[in-house]
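Protein chains: 2
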Amino acid sequence: MSFNVPEVQEKRLVIVGAGFAGFTLANKLRGSGFQVVLIDRNNFHQFQPLYYQVAMSGLEPSSICFPLRKNFRSDSRLLVRVAEITSVDTEQKQIHSNIGVLNYDILVIASGATTNYFGNDSFASNSIPLKSVSEALYLRNRILEDLEQAVLVRDESNKDLLMDIVIVGGGPTGVELAGSLAEMKRHIVPKDYPDLNAATMDVHLIQNTARLLNGMSEKSSQVALEYLNRMGVHVHLNTMVEKIESESVYLNSGKVIPTRKVIWAAGVKASPLPGLPDQAYHRDRRIVVDDHCRVAGTHDIFCIGDVSYFPSKAFPNGLPGLAPVAMQQARYLAKLLLHQKQNQKLTPFRYLDKGQMATIGRSKAVLDFGRLHLSGFLAWMVWLFIHIYYLVGVRNRIVVFINWVWSYLFYDQALRLNIKPYSPGAHSNEGKRSNDRSGSSA
Amino acid sequence: MSFNVPEVQEKRLVIVGAGFAGFTLANKLRGSGFQVVLIDRNNFHQFQPLYYQVAMSGLEPSSICFPLRKNFRSDSRLLVRVAEITSVDTEQKQIHSNIGVLNYDILVIASGATTNYFGNDSFASNSIPLKSVSEALYLRNRILEDLEQAVLVRDESNKDLLMDIVIVGGGPTGVELAGSLAEMKRHIVPKDYPDLNAATMDVHLIQNTARLLNGMSEKSSQVALEYLNRMGVHVHLNTMVEKIESESVYLNSGKVIPTRKVIWAAGVKASPLPGLPDQAYHRDRRIVVDDHCRVAGTHDIFCIGDVSYFPSKAFPNGLPGLAPVAMQQARYLAKLLLHQKQNQKLTPFRYLDKGQMATIGRSKAVLDFGRLHLSGFLAWMVWLFIHIYYLVGVRNRIVVFINWVWSYLFYDQALRLNIKPYSPGAHSNEGKRSNDRSGSSA
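If you read the protein sequences in the order shown, they are chains A and B.
If you're matching positions, the first sequence starts at 0 in numbering that gives the first Met the number 0 and goes up one per residue.
If you're matching positions, the second sequence starts at 0 in numbering that gives the first Met the number 0 and goes up one per residue.
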């Protein structure tokens, strides 16, 4: 097995990762005269901002994923390969992977970020991450399984263990999850689970700083907090999680919350490639780049997106890990590479901050745009349309739109299916029979 | 843990299985004055006739599944329980399950059928079944993984191993799969996998009798065969599979087909419950019922759908395992149970044969209705609309309709995603990293 990439006279440009950064770059380089090899561990691009809606049974995974080969089929000079990149060899100008070695002329690292447990194993093994559509499906199935279980147990404290949910991390993901869980508690659990007392389903949101949505304005944080309080979410500010066990969460306040479901949305860490010059690695694992997105100490390797460390006046700790940053860097880099071909220079990359937003529930969202702070229905509409706009694929946009209109009209998330994975060897329906919780499926 | 079903003065009617039979019966018994407990191993109803379209990336699983609780939420006297029934105790009038014991006044067995490997382990362990949406997802992922692999291997014979597909069984499922694989070979592989030679992708269909679609008319069988031949499918009639190994299929003709993908669509066997009187078990495992769908040797246990053995003049070996049979028996039984409450008798059940149909590809279908035999575009339209009509849920109908119009217009199945299952404990993205083939996901 090998990359099996045809040797051509064009320069080979290898892109590691098909997230917002890598995917956008590959799109911008269509017909650029490079032989582009786009590598990802999945055969699809994932739309991270909506993972939480998959977890909440609001969207099909297929609505927020797009097959890479379908997207790039028109460009014969672009090759898609599904692989795990393990390291880079800057001497030989090669990358190493689970499917072999590939030479590059130019390498672009866009390998993104992964869940950060801050080295605490109790966090890692007793909480559910939400950094991929697979994890979103796993969370969806867990929520549904636990509600079914709650129906079966008679003891109230056991019901609480199964119904209560703790979310660690008050960033956009945590806030959006807390909001939609509160709506599920209010609109769905009472109807679907008449044998349960929905009022006893507690949603906890743990934030280690003084306010939610740190990346946003004070005002937006305040509004988001008010929304969540009104929706009955227990928000714990200035609170740290010390330990997570299979059935309880220990807070530094001394409080212990009994639950079997902890969602970890407390942070990410870069997924860099080993093999770069030492000065290329920032202490937080991100890859240090110059103001042209070039990796420090190299001249033919670039790095964009969440994995890159790009400090600026406004962001001395590096640009935030946001889709707009990744996409702007990708567009800049495409331009730079084309200029380079004509031996032209390009001015340094500058991030244009278009603001941020988060949605808390139906008609409830917050939006910062420079000095402008929107909230409520208008902000929510803006959020909906911007997310549909950035989705890949017309079909996806149509289906997502239908699903959103549907749940708005009927206060309902239509896809509450716990589809268990089938394992070969386990004959006939055994796969479905197994009650174990490994694997997620939809 | 227990069924935790409230004791009420109404009679308790327990339905085992939420397929076409059990699901339809439960719907018909709304407000019937029974306490109805509907039990299935999944929290959703599955629309079996379209599994193959999920496997072919044509439909989301969520489009052909419907959450049970959502469907029955309006009826407080109907309780949904997710459980595996292990046996019945006719003395105690109890069923035993993985979540405990439940008493019944009336029991309805609608546990359906499962894949039949005819006791051959080499079939069971080296082929892929298609009797659940989970298995359909597994097949979808396998097809996509193997195509990616085929891109990576250089040796032609290895490419063939990965690209060629053998389907065992020339019934509707086998014929429909063969047809859509032929279309995938023609319309999708060349575009999505320019680095592969689509022409070398062989689709084999193995049928042990002299014609395909045994359940249908000679004419329809003939037309289906012509369609498949024209589409380039290798149809092997009067051929039996003797052995399946991980990389080859042995036919009784002496021919050996090298392949790593064998789809098993060669038959089903009933999934009866142990514990019934001996005379209730037919030699083929089905449950013998009288002409009122009552299980032989019992008076408060009924059996409908694929698991029931109901011989008739037209069908001396028992009614066929078809959705219309299951649904007609369910409607009849609902009526019978309501009559029974008023101590009224009901005439025996009679199956009204509405004919059969199968679709082979775009604008290609066959339909039998009494002496009428339709084929081609018209038959295909009838097939499409009947299937949309019987789907559960308006939203599902809309989404399926959009997907079908889409793939008709663009010769494209939009959902070619290989979403691997996430396994907890395997931290962060490890779940996605794993290249093993266990589990199916979407």
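If you are wondering where the hints come from, they were derived from the structure by calculation, not from laboratory data.
Accuracy of the hints is not assured; some may be wrong.
It does not matter which identical chain is used: a pair holds within one copy or between any two.
Listed below are the simulated BS3-like cross-link pairs for lysine-lysine, each with C-alpha atoms no more than 30 Å apart in a straight line [to be verified]:
#: 1; residue 1: 218; residue 2: 10
#: 2; residue 1: 92; residue 2: 242
#: 3; residue 1: 10; residue 2: 190
#: 4; residue 1: 242; residue 2: 10
#: 5; residue 1: 190; residue 2: 334
#: 6; residue 1: 27; residue 2: 312
#: 7; residue 1: 334; residue 2: 254
#: 8; residue 1: 27; residue 2: 190
#: 9; residue 1: 312; residue 2: 92
All of these numbers come straight from a predicted model, not from anything done at the bench.
Quick rundown of the hints versus the structure:
Within a single copy, residue 218 and residue 10 get their C-alpha atoms no closer than 50 Å, and across copies no closer than 58 Å, so neither meets the 30 Å cut-off. Neither within a single protomer nor between protomers do residue 92 and residue 242 lie at most 30 Å apart by alpha-carbon distance, with minima of 44 Å and 48 Å respectively. Proximity of residue 10 to residue 190 under the C-alpha cut-off of 30 Å is restricted to the inter-copy arrangement: shortest distance 24 Å between copies versus 60 Å within a copy. When the C-alpha separation of residue 242 and residue 10 is checked against a cutoff of 30 Å, the pair qualifies neither within a copy, at 51 Å, nor between copies, at 49 Å.
In this homomeric assembly, residue 190 and residue 334 come within 30 Å of each other (Cα to Cα) only across copies, at 28 Å, whereas the closest approach inside a single copy is 54 Å. For a Cα distance limit of 30 Å, the shortest separation of residue 27 from residue 312 inside one copy, 28 Å, qualifies, whereas the shortest one across copies, 68 Å, does not. For a Cα distance limit of 30 Å, the shortest separation of residue 334 from residue 254 qualifies neither inside one copy, at 53 Å, nor across copies, at 57 Å. For a Cα distance limit of 30 Å, the shortest separation of residue 27 from residue 190 across copies, 20 Å, qualifies, whereas the shortest one inside one copy, 48 Å, does not.
Proximity of residue 312 and residue 92 under a CA criterion of 30 Å is satisfied in neither setting, with 33 Å inside one chain copy and 76 Å between copies.
Violated hints, listed in ascending order, are 1, 2, 4, 7, 9; each of the other numbered hints is respected by the structure.
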